[in-house]
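Novice: Just so you know, the sequences run in chain order S and H.
Quick note on my numbering: the first sequence kicks off at 19 and runs consecutively.
Quick note on my numbering: the second sequence kicks off at 19 and runs consecutively.
A hint or two may mislead.
Which copy is meant is left open, because identical chains are indistinguishable; a pair holds if it fits in one copy or across any two.
Derived BS3-like pairs: lysine-lysine, alpha-carbon spacing no greater than 27 Å straight-line [to be verified]: (1) K669 to K223; (2) K653 to K669; (3) K71 to K57; (4) K476 to K57; (5) K571 to K561; (6) K663 to K653; (7) K223 to K561.
If you're looking for bench data, these hints aren't it; they were derived computationally from the structure.
The residues making up each chain are set out below.
2 protein chains.
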Amino acid sequence: MGYLLLLLAPAGSVAALVFAACLAFGVLRQGEGNEQMRKIALAVRQGADAYLKRQYTGVAIFFGVMFVILMALAVCGYLTFFVPFAFLTGGFFSGLSGFVGMKIATAANSRTAEAARKSLNSGLRIAFSSGAVMGLTVVGLGLLHICLWFYLLDWFYAGDPDKIQKITSTVLTFGMGASSLALFARVGGGIFTKAADVGADLVGKIEAGIPEDDPRNPAVIADNVGDNVGDVAGMGADLFESYIGSIVSTASLAVAAGLGINGAAAPMIMAAAGILASVLGTFFVRTGEQAGQQVLLRALRRGVYISACIFAVVSFFLLSMVLGWDRIGIYFSVLSGLLAGILIGYFTEYFTSDFYRPTQRLSETAVTGPATVVIGGLSLGMLSTAVPVIIVSAAVLASYYFAGGAHNFNLGLYGIGISAVGMLSTLGITLATDAYGPVADNAGGIAEMAQLGPEVRKRTDALDALGNTTAATGKGFAIGSAALTALALIAAFRDRILVLDPSYQLNLSLMNPSVLTGLFIGGMLPFLFASLAMESVGRAAQKIVLEVRRQFKEIAGLMEGTAQPDYTRCVDICTRAAQKEMVAPALVAILAPIVTGILLGVHGVAGLLVGSTVTGFVLAIMMANSGGAWDNAKKYIESGNYGGKGSESHKAAVVGDTIGDPFKDTSGPSLNILIKLLSMVAIVFTAFIMSFSIIK
Amino acid sequence: MGYLLLLLAPAGSVAALVFAACLAFGVLRQGEGNEQMRKIALAVRQGADAYLKRQYTGVAIFFGVMFVILMALAVCGYLTFFVPFAFLTGGFFSGLSGFVGMKIATAANSRTAEAARKSLNSGLRIAFSSGAVMGLTVVGLGLLHICLWFYLLDWFYAGDPDKIQKITSTVLTFGMGASSLALFARVGGGIFTKAADVGADLVGKIEAGIPEDDPRNPAVIADNVGDNVGDVAGMGADLFESYIGSIVSTASLAVAAGLGINGAAAPMIMAAAGILASVLGTFFVRTGEQAGQQVLLRALRRGVYISACIFAVVSFFLLSMVLGWDRIGIYFSVLSGLLAGILIGYFTEYFTSDFYRPTQRLSETAVTGPATVVIGGLSLGMLSTAVPVIIVSAAVLASYYFAGGAHNFNLGLYGIGISAVGMLSTLGITLATDAYGPVADNAGGIAEMAQLGPEVRKRTDALDALGNTTAATGKGFAIGSAALTALALIAAFRDRILVLDPSYQLNLSLMNPSVLTGLFIGGMLPFLFASLAMESVGRAAQKIVLEVRRQFKEIAGLMEGTAQPDYTRCVDICTRAAQKEMVAPALVAILAPIVTGILLGVHGVAGLLVGSTVTGFVLAIMMANSGGAWDNAKKYIESGNYGGKGSESHKAAVVGDTIGDPFKDTSGPSLNILIKLLSMVAIVFTAFIMSFSIIK
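Taking the hints into account, I'd like the entire structure generated from these sequences.
Specialist: Structure (structure tokens):
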């Protein structure tokens with residue numbers, strides 16, 4: 019049954035890609051607006067291309083080096099020869115989905131502004147459709163990548179009695195390519211976007227006194243590019259990694275759980291069902307005219323919730339067919355994950371939206387100055403960690419016991435893995451609502467710069483404001499799914515140790531000193547990583563400041579609007595800086611499990627992975643929610659509360675918002691990558707670590 | 019041999035108390051200075067008395083309730099009947115040492131100022147002597163408390179074949195009284211001191227425009243009281259708890275390690291050796307005239323290092339006598355802890371003192387405004403966590419393997435426990451250098467308010483500046499020792515489960531879902547706790563603001579200096595607020611392990627304890643070091659760098675400093691209490707949890 023239903027997976031991935039292509043053509047068919055709009059959109063597009071070009075150059079070098087290292091490991095017998103190639107294909111597919119996402123997002127921004135001239139619904143549809151292209155491309159290519167390798171290995175290992183075991187444990191090691199690309203896209207994108215943002219503001223708004231989004235500012239395009247780089251490509255790569263990571267780790271846990279091919283096929287079939295549900299859900303996203311923020315939000319939510327319901331129904335029947343009625347508890351594991359994802363999104367909104375008390379109270383602390391608003395925001399972020407932690411904990415326990423963990427430990431771990439698959443199943447539409455944000459943001463900028471009428475700008479503002487809310491909930495979802503995926507990967511890491519050496523005396527007790535010190539070091543790593551990322555933003559922003567000052571001085575007629583600034587240069591500086599600043603965090607993420615493994619063995623590594631997942635999860639939520647709340651507290655004051663725009667409390671809130679920028683857009687999200695990449699590196703290097711560790 | 023040498027413990031504790039009494043009389047024999055100085059000192063003293071009076075009222079109610087609960091547990095057979103009484107005595111001894119410390123500190127402040135009129139060395143000696151009184155009282159009373167109960171139980175269980183086992187496992191549960199008092203002293207003290215500080219500044223400096231430390235400000239005395247409340251009584255209670263916690267947990271681990279009475283006696287004998295070394299070390303703390311900051315620091319360091327060397331030599335001979343030559347590896351476990359404590363202090367200074375690059379660079383970020391200095395400080399704090407984590411990890415591993423953990427797991431755990439004892443052995447003098455700080459701070463304030471000559475104020479300023487450095491290193495030491503003590507307590511918790519039910523199927527694997535969710539919840543608790551503490555400071559400061567405003571308005575002649583403000587009222591408000599705000603954090607710390615235990619069993623609790631220790635340790639270091647670095651970055655600017663006092667960069671640095679206040683003096687230190695109290699509660703409630711847990 020598993021083999022037959024597994025055909026749904028390639029079918030689903032192709033369907034996702036075809037539907038994404040249809041949506042993309044639908045978007046591209048729309049008008050781009052007047053000349054001014056086309057000019058701005060072109061500049062953003064060129065900037066994004068410049069970014070992609072340089073990033074892929076850096077990525078190519080990194081992948082080249084890693085390929086050689088993996089080949090060396092394969093030659094020495096620590097890996098199969100498939101891994102170096104799968105490393106390349108994983109990176110390629112992840113990079114391709116980022117490329118497609120950026121292309122459509124930078125094509126849709128001016129078209130959204132143009133469509134908003136017609137009606138609010140038209141604008142929403144264009145922006146959302148381009149988000150859906152991104153979402154469906156990510157899930158389509160992710161699933162396709164897994165299917166291609168699965169069928170290749172299925173053919174290669176044909177006739178081998180341990181075929182399924184060999185396939186799944188090989189496919190498991192394939193996540194590292196996507197993880198590595200995610201590191202570049204998410205961490206690099208995070209550094210890029212905030213360096214451009216802060217740099218543009220420091221010189222443009224403060225020194226030169228020109229407004230935000232002014233086309234004379236050489237960094238303004240870099241700023242707009244940054245939105246796409248961080249929130250489209252970065253977020254996409256992050257979730258691409260979670261998506262395939264959760265699927266392959268669950269598949270690899272199926273064998274030990276005694277579920278065989280059916281268990282290995284189940285996560286892929288779930289993914290296919292999720293794609294179907296996501297595609298259907300997109301049709302329900304529409305709104306009337308005169309829609310407020312809450313109505314627009316409900317329009318997006320409707321799509322997500324309907325997709326979740328469809329998935330819940332379809333997956334019930336599919337799972338009962340694949341795994342049989344006696345294993346139907348696993349279905350509830352899937353549901354636990356699905357529900358946890360929705361709940362985390364909801365509570366993230368509660369803590370960061372100015373519709374609710376926490377952020378409103380944060381605005382009030384701005385009245386007594388920047389110090390109190392910073393303390394208030396940090397405090398809010400710390401407090402807000404409690405609910406998501408409890409939700410994920412409940413999901414872990416529920417999925418473990420529903421799957422039958424009380425009687426069979428390995429079934430319980432499989433349950434945890436498949437709950438991550440459940441959470442990510444409707445990623446096609448969840449990511450669509452998220453990638454929608456920067457498109458709407460850019461559309462607002464274009465409407466502003468091209469001086470479209472007040473009615474249009476009111477519409478683009480409404481669409482943009484909605485994007486801020488979905489960005490916050492999207493971050494919560496990304497963190498939650500990263501944590502659950504990391505747990506699935508850690509379980510798979512444990513499984514891999516026992517596959518490599520079934521007689522290994524594995525002692526993962528908290529009281530094993532290697533595990534304990536691993537936990538401490540792992541618990542510290544997110545702090546170190548977040549610190550490095552924040553420092554990077556500071557240094558990169560400084561470079562932008564110097565460049566913008568230089569252009570203001572050297573390009574004659576720039577301030578009068580008769581000469582064009584050199585946008586590409588700023589984009590290039592941001593990209594270079596992002597690439598360069600990536601080196602230290604990348605080395606930390608890749609070397610930490612290897613060095614810990616050599617010193618403390620696989621026990622130390624297991625501690626490291628769990629420690630970093632726990633602390634990384636909590637710290638990432640805190641940073642994302644503090645940042646989101648500061649942002650919206652500032653907006654709440656700007657909308658006329660506590661003195662309004664220009665007041666002392668507004669200035670204090672701006673300080674909070676500036677601190678929140680690297681929090682929510684650089685350091686916080688980069689922790690998602692850290693916790694997954696650590697696990698992926700550990701999985702790929704397991705055999706190496708087991709051979710060379712000092713403490714066994 | 020153990021029994022004979024154990025006599026050193028009561029002898030040592032009595033010696034510490036006698037020597038402390040001699041030092042105290044030496045301090046009290048000094049002159050209190052002129053009338054103005056006496057008047058100010060009296061006000062601080064009255065404030066401190068008012069604080070103690072109200073705090074002990076609150077504590078009495080809490081202890082009454084807890085006594086009833088513990089009695090109920092004892093009646094139901096979940097505890098021995100000794101525990102409720104030991105709970106009271108532990109609280110009493112901890113409270114008594116806080117009482118003595120506050121009394122001597124508030125007596126020494128004016129005497130230090132007066133002595134500084136004679137020479138720098140005289141001032142240093144008085145301030146340091148009063149610190150030494152506190153330090154030696156803490157270790158003397160701590161060790162005395164353990165000895166009293168040990169000999170009482172020794173008599174009670176006389177003839178019982180499992181005597182040692184019964185004594186140690188009973189004494190183990192005695193730490194909760196000290197833990198609970200530490201909660202009030204450290205968290206309450208932290209809220210008190212920052213509420214007074216922030217409240218006094220907001221109205222006095224900003225609204226009324228009067229200088230800091232101006233006697234017309236009704237909150238100024240509360241501010242001075244706060245220094246004593248937070249850094250003397252709070253720090254003392256914190257380390258009192260670590261001190262006895264490390265000793266009793268190590269003693270309880272001795273039986274499972276097969277070391278019997280000798281192993282149980284060893285930590286107490288080590289403590290006695292440490293007292294001897296501390297007393298001798300105090301004689302080496304002296305300086306000449308014309309001493310700069312570095313010379314003064316070296317004077318204090320000399321005392322600490324000489325104590326450590328003496329301890330290292332003496333403990334070698336004592337341990338070889340108690341445990342025999344074949345167990346001499348345990349001596350190196352002790353040394354690992356001792357060395358780790360010294361190294362953590364050193365690196366804390368590196369990251370927070372403006373003699374070194376990190377804080378100097380932080381000052382530079384103030385040039386571009388408050389946002390960059392806040393980001394820089396948070397980033398610095400996060401980065402600074404790496405070194406202490408690696409030091410503690412190395413100490414854990416080293417002490418485990420030195421003690422023989424490779425062959426006998428329980429010996430390894432004993433090694434971890436005794437390394438905490440080693441770190442805390444010279445607490446008598448370490449705490450002296452720390453409690454010295456607020457005395458010097460108060461002396462500086464008194465010299466300022468009493469308008470003593472510039473030569474004297476230069477001396478008190480030098481003494482005060484030194485106090486800032488020792489405060490930062492003292493915090494690092496307190497956190498490091500809290501983490502190591504918590505680990506010892508967790509090991510003892512595991513041991514206690516097996517003592518209560520030797521057939522219990524203990525599975526502390528990371529992959530046990532109860533352990534895993536416990537880790538997540540535990541990892542989140544420090545964030546929740548820190549958030550609650552920060553919110554509390556904000557609310558309490560608000561009350562002080564209202565009261566100071568009221569007094570300015572209602573008391574005629576106050577601003578002209580003809581009428582006296584009502585200092586006691588502000589002190590009382592701070593105390594009340596601190597007590598009231600304690601309720602939520604106290605409930606979190608006490609209920610978290612019990613509720614987790616009921617839901618997830620002892621496995622969940624073990625995960626909770628380890629998770630909170632890991633995250634709490636890292637977060638506490640980050641908060642303490644960020645706060646310390648902001649404080650000193652401000653001072654560095656004030657000393658004439660980057661624009662100096664009154665410049666824009668100074669204003670930005672003040673924002674950082676204000677944020678750092680609750681970080682370093684409230685939330686950060688309160689995490690030390692959290693991680694130990696969670697363990698103590700878990701230990702006391704082990705039998706209860708094992709009976710009533712849903713998931714076993």
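Novice: With reference to the structure, classify each hint as holding or not holding.
Specialist: Checked hints:
| no. | hint | verdict |
| --- | --- | --- |
| 1 | K669 to K223 | both (13 Å within a copy, 21 Å between copies) |
| 2 | K653 to K669 | both (12 Å within a copy, 25 Å between copies) |
| 3 | K71 to K57 | within (21 Å within a copy, 74 Å between copies) |
| 4 | K476 to K57 | within (22 Å within a copy, 66 Å between copies) |
| 5 | K571 to K561 | within (16 Å within a copy, 52 Å between copies) |
| 6 | K663 to K653 | within (9 Å within a copy, 33 Å between copies) |
| 7 | K223 to K561 | within (17 Å within a copy, 38 Å between copies) |
Of the hints listed earlier, there is not a single one the structure fails to meet.
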